[in-house]
Amino acid sequence: MPGYKLEVKGLSKTFDGHGKLSIVALQEVSLFVREGEFVSLIGPSGCGKSTLLDIVAGLTRPDEGDVLLDGASIVGLKGKVSYMPQKDVLFPWRTVLDNVIVPLEVQGINRKEAREKALSLLPVFGLGDFSDKYPPALSGGMRQRAAFLRTYLCGREILLLDEPFGKLDALTRRQMQQWLLDIWQNFQHAVLLVTHDVDEAIMLSNRIYVLSARPGRVIAEVEVPLPRPRHAQMALSQEFTEIKARLLKALEEGSFGEVSNKKCLVISAS
Numbered sequence: 001m002p003g004y005k006l007e008v009k010g011l012s013k014t015f016d017g018h019g020k021l022s023i024v025a026l027q028e029v030s031l032f033v034r035e036g037e038f039v040s041l042i043g044p045s046g047c048g049k050s051t052l053l054d055i056v057a058g059l060t061r062p063d064e065g066d067v068l069l070d071g072a073s074i075v076g077l078k079g080k081v082s083y084m085p086q087k088d089v090l091f092p093w094r095t096v097l098d099n100v101i102v103p104l105e106v107q108g109i110n111r112k113e114a115r116e117k118a119l120s121l122l123p124v125f126g127l128g129d130f131s132d133k134y135p136p137a138l139s140g141g142m143r144q145r146a147a148f149l150r151t152y153l154c155g156r157e158i159l160l161l162d163e164p165f166g167k168l169d170a171l172t173r174r175q176m177q178q179w180l181l182d183i184w185q186n187f188q189h190a191v192l193l194v195t196h197d198v199d200e201a202i203m204l205s206n207r208i209y210v211l212s213a214r215p216g217r218v219i220a221e222v223e224v225p226l227p228r229p230r231h232a233q234m235a236l237s238q239e240f241t242e243i244k245a246r247l248l249k250a251l252e253e254g255s256f257g258e259v260s261n262k263k264c265l266v267i268s269a270s
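Taking full-length UniProt numbering, the leading residue of the sequence shown gets 1, the next gets one more, and so forth.
Certain hints may be false.
Unchecked claim - Below are the PhoX-like pairs computed for lysine-lysine, each with C-alpha atoms no more than 25 Å apart in a straight line:
1) Lys133 <-> Lys167
2) Lys167 <-> Lys112
3) Lys9 <-> Lys78
4) Lys9 <-> Lys80
5) Lys117 <-> Lys78
6) Lys9 <-> Lys112
7) Lys133 <-> Lys112
8) Lys117 <-> Lys80
9) Lys20 <-> Lys87
10) Lys133 <-> Lys117
Because the hints were derived from the structure by calculation, they are not lab data.
Based on the provided sequences and hints, a complete structural model is requested.
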């Protein structure tokens, strides 16, 4: 459909229990991300959020449904999107610079050219003074910056982010959220973010999808009309508080099965 960078259509996925009880992870999940849009996905633990990202990234095949990128199916195809998993998976024997150029090397770009390209971006990503440092010497926030730059250098127009700040302390997490907002504002890539943090989802997103408890189904789509650029003080506003209340209500209903027979609820700002 015109304007949809990414479209997920009716995805269902069941994991075979190999003699034990099979697990229905996702059930008829549909969502979309527009060009340059920031969309978040929230839901209870175990509801299939990471599984959905794995399917979009081509790492797992769904039992039913399709994933479209610019209108073309990418089911089972790797390398069509940039994907940052929960763990930064930086190589401890490589410097920051040589870690972030990995996707460029995979694409066949020689190391000298790859380094030149990455060096021009290190200051933008707050890593200008850390090019020769090794991952064990970095703080959690710096490691995540490096992982994000590596994801960005994959060169794809949509970024999948799976709980990128989940293991950081509260202050660092808030700083990284603001940093991510600034980076997104500069580059305007389409983003699909998985998070457990409702405040984080509101602060970053244009829209938020809520998944029910397993099997994961989309039970609400919430618009976030807060003006941009955004800042931490917005979390104290009445509009922010009202959006959070809607999301928490949807999460509570989805966790206890109260929406099992309902269609997705689209919640606008009005």
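Right, here's what the structure says about each hint:
Using a Cα cut-off of 25 Å, the hinted pair Lys133 and Lys167 holds, with the two alpha carbons roughly 21 Å apart. A threshold of 25 Å between alpha carbons decides the hint, and for Lys167 with Lys112 the separation of about 33 Å lies outside it, so the pair is violated. For the suggested pair Lys9 and Lys78, the alpha carbons sit about 18 Å apart, so the restraint of at most 25 Å is met. Of the pairs offered as hints, the one joining Lys9 and Lys80 holds, with about 17 Å between alpha carbons and a cut-off of 25 Å not exceeded.
Between Lys117 and Lys78 the alpha-carbon distance is near 23 Å, which keeps this suggested pair within the 25 Å criterion. A hinted pair counts as satisfied when its Cα atoms are at most 25 Å apart, and Lys9 with Lys112 does not qualify at roughly 41 Å. Taking the CA atoms of Lys133 and Lys112, the gap is near 18 Å; set against the 25 Å cutoff, the hint holds. A hinted pair counts as satisfied when its Cα atoms are at most 25 Å apart, and Lys117 with Lys80 qualifies at roughly 21 Å.
This hinted pair does not check out: Lys20 and Lys87 have alpha carbons roughly 29 Å apart, beyond 25 Å. Between Lys133 and Lys117, the direct Cα distance comes to roughly 18 Å. Compliance with the 25 Å bound is thereby established for this hinted pair.
The structure fails to meet hints 2, 6, 9 from the earlier list, while all remaining hints are met.
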